[in-house]
Amino acid sequence: MLTRRTFIKSALASNVALLATPSHALQLALDNNQDKPLLVFADERALNAKEFISQVNDQKENLDLDIGQHFDVLTKFCKESPHGHIAGLTRDSDFFVLEQLAKDHGFYVNYSATHSYDGQTLTHEITAPKEPANLIATALKNAADQWPNWLAKNMHSLPQSHQAMITTKRQLTVPNTQQHNFLVSWSLSASQNS
Amino acid sequence: MTKPLPQGITLGQLNAAIAEIEKVVGKDYVYLDDVKELRSYRDPYNTTNDADFAPSAAVAPQNVEQIQKILAIVNTYKIPIWTISTGKNFAYGGPAPRKPGYVVLDLKLMNRILEVNEKHGYAIVEPGVSYYDLYNYIQEKGLKLWIDCAAPAWGGIVGNTSEHGAGYTPYGDHLLMQCGMQVVLADGTVVETGMDTTPNSKTGGLYKYGQGAAIDGLFTQSNFGVITRMGIWLMPEPPGYTPFMITLENEQDLETVTDLTLPLRINQVIHNAPMTVDLLWEAAMSVSRNQYYTGKGPMPDSHRKKMAKDLDLGIWNYYGAVYGPGPMMKNNMDVIRDTFGSIPGAKFHYDDTRKGDPGWDYRVKLMKGTPNMTEFSLLNWIGGGGHINFSPISAADGKSAMRQYEMIRKSAHDFGFDYIGEFLIGWRDQHHIFMLMFNRMSAEEKKRAHDLFALLVDEAAALGYGEYRTHLSFMDQIANTYSWNDNSLWDAHHAIKDELDPNGILSPGKQGIWPKNLRGNS
Ligand SMILES: Cc1cc2nc3c(=O)[nH]c(=O)nc-3n(C[C@H](O)[C@H](O)[C@H](O)COP(=O)(O)OP(=O)(O)OC[C@H]3O[C@@H](n4cnc5c(N)ncnc54)[C@H](O)[C@@H]3O)c2cc1C
Numbered sequence: 039m040l041t042r043r044t045f046i047k048s049a050l051a052s053n054v055a056l057l058a059t060p061s062h063a064l065q066l067a068l069d070n071n072q073d074k075p076l077l078v079f080a081d082e083r084a085l086n087a088k089e090f091i092s093q094v095n096d097q098k099e100n101l102d103l104d105i106g107q108h109f110d111v112l113t114k115f116c117k118e119s120p121h122g123h124i125a126g127l128t129r130d131s132d133f134f135v136l137e138q139l140a141k142d143h144g145f146y147v148n149y150s151a152t153h154s155y156d157g158q159t160l161t162h163e164i165t166a167p168k169e170p171a172n173l174i175a176t177a178l179k180n181a182a183d184q185w186p187n188w189l190a191k192n193m194h195s196l197p198q199s200h201q202a203m204i205t206t207k208r209q210l211t212v213p214n215t216q217q218h219n220f221l222v223s224w225s226l227s228a229s230q231n232s
Numbered sequence: 041m042t043k044p045l046p047q048g049i050t051l052g053q054l055n056a057a058i059a060e061i062e063k064v065v066g067k068d069y070v071y072l073d074d075v076k077e078l079r080s081y082r083d084p085y086n087t088t089n090d091a092d093f094a095p096s097a098a099v100a101p102q103n104v105e106q107i108q109k110i111l112a113i114v115n116t117y118k119i120p121i122w123t124i125s126t127g128k129n130f131a132y133g134g135p136a137p138r139k140p141g142y143v144v145l146d147l148k149l150m151n152r153i154l155e156v157n158e159k160h161g162y163a164i165v166e167p168g169v170s171y172y173d174l175y176n177y178i179q180e181k182g183l184k185l186w187i188d189c190a191a192p193a194w195g196g197i198v199g200n201t202s203e204h205g206a207g208y209t210p211y212g213d214h215l216l217m218q219c220g221m222q223v224v225l226a227d228g229t230v231v232e233t234g235m236d237t238t239p240n241s242k243t244g245g246l247y248k249y250g251q252g253a254a255i256d257g258l259f260t261q262s263n264f265g266v267i268t269r270m271g272i273w274l275m276p277e278p279p280g281y282t283p284f285m286i287t288l289e290n291e292q293d294l295e296t297v298t299d300l301t302l303p304l305r306i307n308q309v310i311h312n313a314p315m316t317v318d319l320l321w322e323a324a325m326s327v328s329r330n331q332y333y334t335g336k337g338p339m340p341d342s343h344r345k346k347m348a349k350d351l352d353l354g355i356w357n358y359y360g361a362v363y364g365p366g367p368m369m370k371n372n373m374d375v376i377r378d379t380f381g382s383i384p385g386a387k388f389h390y391d392d393t394r395k396g397d398p399g400w401d402y403r404v405k406l407m408k409g410t411p412n413m414t415e416f417s418l419l420n421w422i423g424g425g426g427h428i429n430f431s432p433i434s435a436a437d438g439k440s441a442m443r444q445y446e447m448i449r450k451s452a453h454d455f456g457f458d459y460i461g462e463f464l465i466g467w468r469d470q471h472h473i474f475m476l477m478f479n480r481m482s483a484e485e486k487k488r489a490h491d492l493f494a495l496l497v498d499e500a501a502a503l504g505y506g507e508y509r510t511h512l513s514f515m516d517q518i519a520n521t522y523s524w525n526d527n528s529l530w531d532a533h534h535a536i537k538d539e540l541d542p543n544g545i546l547s548p549g550k551q552g553i554w555p556k557n558l559r560g561n562s
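Protein sequence lines correspond, in order, to chains A and B. To convert, note that position 29 of the first sequence is 67 in the working numbering; the numbers rise steadily by one, no gaps. To convert, note that position 120 of the second sequence is 160 in the working numbering; the numbers rise steadily by one, no gaps.
No wet-lab data here; the hints were simulated from the structure. Watch out, some of these pointers could steer you wrong.
[Said to hold, decoys possible] Going by beta-carbon spacing under 7 angstroms, a handful of chain B positions derived as facing chain A:
| # | residue |
| --- | --- |
| 1 | Lys76 |
| 2 | Pro367 |
| 3 | Asn412 |
| 4 | Met413 |
| 5 | Thr414 |
| 6 | Leu419 |
| 7 | Gly424 |
The beta-carbon is built from N, C-alpha and C at its ideal position, and this holds for glycine as well.
Use the sequences and the hints to build the structure in full.
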């Protein structure tokens, strides 16, 4: 594992073609949690989140304007899957509320990223443990306007250990930014997982 | 990460105290990990730094006896604790303590609903009971009672009432509806207020005052005790409910609508606390700012007007409701229509035409005490939105309302922020809530918001206005504006504090009340 990580890190540093398939790189570098139950939230009113959720095969919830409508689903999942993993691509306020709620069930944040558009610029700002933060940042950037798809495919690979986090930013130029809202992707997992 | 420590306390002392507390509540209920567990005891909406309000630990006791033991330990080590109930006090500090290093005393596990009395319309609850919990309990039991909740219903009866919070049914003044409480003092003594002080009391939830000084208020917005139980009156489900909304076309209509409201409100023609809500607050429920304006600074009037037209909103949007039997509601609504129909351009809206509009739908829920969280949508007006509320009290008087509105709007615009606000007309006053929204990922914007808030406190004070509640950062500044007669009110608070809590362990600095060892250091 360590050698792979080191390899990928050095590959990233030397900018080799590995990142042409960033999801593969990530899966090698991050804990692979394919078997863990996953609950995914998305706000389908936002184009990117709609795209994202259409690719997710796990248990999923399309969010209402009233995030309170989804408290029961979250609570039930936390109780039934204490080793599970909750993730989403949502409005910022929904993440804020769900994070607060989940902490009472022992689920804490281990990854979050804001995705914001300003003029022709798309900015991803990732907060996660250092190594995955840099990998995800690069992967999201490489995915260009397909970043929601990339996220959907890599939900199971998002960091799930609770370590000190850093924040890192990547920007890229994309067309058609007007139609896109500010969104946050995030992942929470139980503290026993660390 | 360095452990935040309370002023004058060493890591060794903190660890020793924590080790003793763990023996009382068990390791599972002491939270120490700064990366995961304590992150959610911070206030992401602060305008300075997370570190300014970072706790060193949190502890969740399960009963009064455990609280007493914890108090004994922190008294020995002189470690400050910060009491929260449901811990959702966002816009005013969330669950975070006033200063770094305090230990949060989180009462979330004390969440029993001890009694709901349908006949007399009251509930007695522990601090961890949220509005959702109480509502669900009432629904499950099929009781004909309504609750009254704050806009985000994940908070709870004890925490919200402690803060002098407000809701939207006729029972919206929560402290007014509170009846009886149990409090643990800093030395561990348990006190009942009101009628429950008599042995075998049968009237604790019915009559507020008992005999002697009515001291319940002393334990709200203060740090004189830990409230462990509270009675709250509940409204009997009325036979009918008619919510309405009036859209108003002009800024100046705030003056007229406020003046027209007072007699209707004070004479109970309008039963709940009506709200005059500005355009952006309403719009933010369904659109974001950059859908209408991508420039910097406050949104220009031309864009605001277009948005109002598109969304069928007013520059001001007035919500109220009447409750009761059909004929009574009809009478009241006739008076209300006659009164406000005199404002040029005023347009009435009801469920039949407005249903499905996010702003209308959640207000209709709030005015009948149906818990929801929709108001959090507002935070998406800008990406990464954080906010603190500037909440001055105004008279329910048109000129006063306009003066406050113009003062706040001007300063907000000078500092590059939108005015997003509402007036909630209470019994004789108005709570004016200016939601100062900023991008919490921008240090520069946070600083600007901070400076604006500080200026507003002084500007309001100069005009004779004080705030009803505030964020951790501004508690001292606002306390200093309640300064009549050489700060005699705060001197009285401090005298009580010194007497009841000589070691200064309970929530030091809450609302600007400091124990003597920390006075002058804030
Ligand atoms: C979008 C938005 C909308 C809001 N709308 C409203 C609204 O409509 N009405 C309203 O009132 N507020 C509103 N708020 C503010 C806040 O969210 C609520 O007031 C909330 O109910 C407070 O949190 P809580 O009930 O969990 O109280 P807590 O956070 O548990 O407590 C609040 C404070 O009370 C004191 N306290 C708590 N428990 C005790 C105790 N047992 N003993 C002694 N002192 C104690 C502490 O100082 C504590 O910090 C809003 C906030 C946001 C972000």
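Hint check results:
Hint on Lys76/B holds. Least Cβ distance to chain A is approximately 4 angstroms, under the 7 angstroms limit. Proximity of Pro367/B to chain A is violated relative to the hint, the smallest CB-CB distance being about 34 angstroms (cut-off 7 angstroms). Hint on Asn412/B holds. Least Cβ distance to chain A is approximately 5 angstroms, under the 7 angstroms limit. With a least beta-carbon distance of about 4 angstroms to chain A, the hint placing Met413/B at the interface is held under the 7 angstroms criterion.
Below 7 angstroms, beta-carbon pairs count as interface contacts, and Thr414/B has one with chain A at about 4 angstroms; its hint therefore holds. Annotation: Leu419/B was flagged as interfacial toward chain A, and the flag holds, the nearest CB pair being 4 angstroms apart, inside 7 angstroms. Because the beta carbon of Gly424/B sits about 6 angstroms from the nearest beta carbon in chain A, less than 7 angstroms, this interface hint is met.
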